[in-house]
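**Student:** Sequence:
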Amino acid sequence: MKAKEVVLSVAIGLLFCFQIIFPVATAHTGGIFTIIVSENGVVPGNVQMLVNDTARWINVDDRENITHRILVDSDSDGIYDGENDWDSGNLTDSCEHVNGTKVDENCNAYFDVIFNETALNMSYYDIVGTYAFVDIVSNGEKVYGNVTVNPDTHLTAGFQEPINEEKDDEGEERPAFLLIIAAVSGIGAVILGAMIIFGSKDE
42 MKAKEVVLSV
52 AIGLLFCFQI
62 IFPVATAHTG
72 GIFTIIVSEN
82 GVVPGNVQML
92 VNDTARWINV
102 DDRENITHRI
112 LVDSDSDGIY
122 DGENDWDSGN
132 LTDSCEHVNG
142 TKVDENCNAY
152 FDVIFNETAL
162 NMSYYDIVGT
172 YAFVDIVSNG
182 EKVYGNVTVN
192 PDTHLTAGFQ
202 EPINEEKDDE
212 GEERPAFLLI
222 IAAVSGIGAV
232 ILGAMIIFGS
242 KDE
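All residue numbers for the sequence shown refer to the working numbering, where the first residue is 42 and numbers rise by one.
Hints listed in this document are in silico derivations from the structure and should not be mistaken for laboratory results. Heads up, a few of these hints could be off.
Below, simulated DMTMM-like cross-link-like pairs (lysine to aspartate or glutamate); rule was C-alpha separation at most 20 Å, straight line [claimed, not checked]:
#, residue 1, residue 2
1, K183, D102
2, K183, E137
3, K183, D118
4, K183, D103
5, K143, D118
Between the sequences and the hints, there should be enough to build the whole structure, so can you do that?
**Tutor:** So this is what it looks like as structure tokens:
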């Protein structure tokens with residue numbers, strides 16, 4: 042009975058050590074960041090988000106015959122209405138509904154850009170960056186702002202170094218070295234457990 046307790050303790054200890062050495066990254070499920078578009082401008086004008094979050098511009102400007110149009114410079118070329126840029130179309134402050142269905146399908150009071158790999162068809166780190174946008178008001182006004190999308194670097198355990206695009210050879214070899222140490226430790230624990238179990242049977 043004592044041998045089983047020792048083996049169980051060793052196994053739990055190894056799992057704990059493995060968790061510290063190789064932390065599990067938790068995926069950020071994503072939230073919605075609301076950007077209010079009104080008669081007084083755009084609030085907030087500079088948004089900080091994470092990959093997988095959604096930027097939602099909501100028009101609350103209820104002035105008669107005034108619409109807003111959000112253009113996002115997706116490729117950072119300084120042109121807001123380029124072929125690859127994102128365009129909200131005209132946003133009104135409300136849309137007429139009958140029995141829960143919009144009367145005019147083209148009527149929109151808000152505009153979403155989902156900053157994830159699936160929606161943008163981009164790799165994770167290609168999404169990271171700052172996206173300039175402009176709110177073009179139908180009366181000729183223009184309001185500029187930025188959405189900055191940061192990587193989600195939260196880990197549940199252990200330590201993490203900041204992302205460094207220029208990795209040296211030593212930094213690239215470290216994960217392989219840690220894997221070897223973990224594997225040797227695991228094999229050693231199995232051998233030790235077997236020795237304890239079979240050694241107690243001999244007695």
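**Student:** Are the hints correct? Go through all of them and say.
**Tutor:** Hint-by-hint comparison with the structure:
1. Distance restraint check for K183 and D102: the Cα-Cα separation of roughly 14 Å lies within the 20 Å cut-off, and the hinted pair is therefore satisfied.
2. With a C-alpha separation of about 27 Å, the suggested pairing of K183 with E137 is violated against the 20 Å cut-off.
3. The straight-line distance between the Cα atoms of K183 and D118 is roughly 18 Å, inside the 20 Å bound, and the hint therefore holds.
4. Note on K183 and D103: the hinted pairing holds, with a Cα-Cα distance of about 17 Å set against a maximum of 20 Å.
5. At roughly 36 Å between alpha-carbon atoms, K143 and D118 are farther apart than 20 Å, so this suggested pair is violated.
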